[in-house]
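Whenever a hint applies, use it, and build me the whole structure from the sequences.
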Amino acid sequence: MATVQIFANNPYQENTYLLFDETGECAIIDPGMYTAAEQNAVVGFIKDNNLKPVLLLNTHCHIDHVLGNRFVFDQYGLKPQFHIGESEVLAAVVAYAPSMGFRYEPSPLPDAYLPETGTIKFGNTGLELIFAPGHSPAHLCFYDRAANILIGGDVLFRNSIGRTDLPGGNFSTLVKSIEEKLFTLPDDCIVYPGHGPETTIGYEKQTNPYL
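Residue numbers (the working numbering): 318 to 528.
Simulated from the structure, these hints should not be mistaken for laboratory data.
Honestly, I wouldn't trust all of these hints.
Claimed, not checked - In silico PhoX-like cross-links for lysine-lysine, where the CA-CA straight-line distance does not exceed 25 Å: (1) K498 / K438; (2) K438 / K364; (3) K396 / K438; (4) K369 / K396; (5) K498 / K522; (6) K364 / K396; (7) K438 / K369; (8) K493 / K522.
Unchecked claim - Using C-beta positions, here's what the derived DEER-type ranges look like: (9) A354 / P432: 17 to 25 Å; (10) F362 / E496: 33 to 41 Å; (11) G394 / Y520: 34 to 42 Å; (12) A358 / A409: 23 to 31 Å; (13) L483 / F448: 13 to 21 Å; (14) I323 / G435: 24 to 32 Å; (15) G394 / S489: 34 to 42 Å; (16) Y393 / K493: 21 to 29 Å; (17) F448 / D482: 16 to 24 Å; (18) K493 / G513: 18 to 26 Å.
For every residue, glycine included, the Cβ atom is placed at its ideal position computed from N, Cα and C.
Here's what the structure looks like:
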């Protein structure tokens, strides 16, 4: 069963996740590390816990979620995996990063893209792919059924949902993704979002003002 470690990174306080299990293998999800201190915090945790990174995953490819892709590749030799529908989103980062004041080292490209459904594995852990567009055109969430946790990216937040005013965003598509894909998960499923504190599916069903 996977354990979750959270790092809040970059000016957007984006949540970078390390998932690891009893084998010592780990997945790095949405590496937003920007400063040397942020990079060192992740590397230090991996070293201190004798972990072996074997997967680099992006839920989607907005700048705050991919700032550390190049660093992870340089450090561990891992190329990112994401849905091919996020390719144009990633390609656009190079052009707009300077206008936002970011120094951006271009991300390597995947050797293979993730499908809309299926399971990816590390150690003894399986992560089910959930295709949930709306915030971005081909957003994926990663569900660990054994641990009953969802790495949700920027789809569903505590008492909120992802913004839809960026290129490729669509409000009705996002709501449909949440109601038809995420809300079919157990009510006690813990959602770890791309920003802010965790929540549960049941809590958001009852209280989220956008749904």
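* Enumerated hints in conflict with the structure, sorted upward -> Violated hints (numbers, rising): 9 and 16; every other hint is consistent with the structure.
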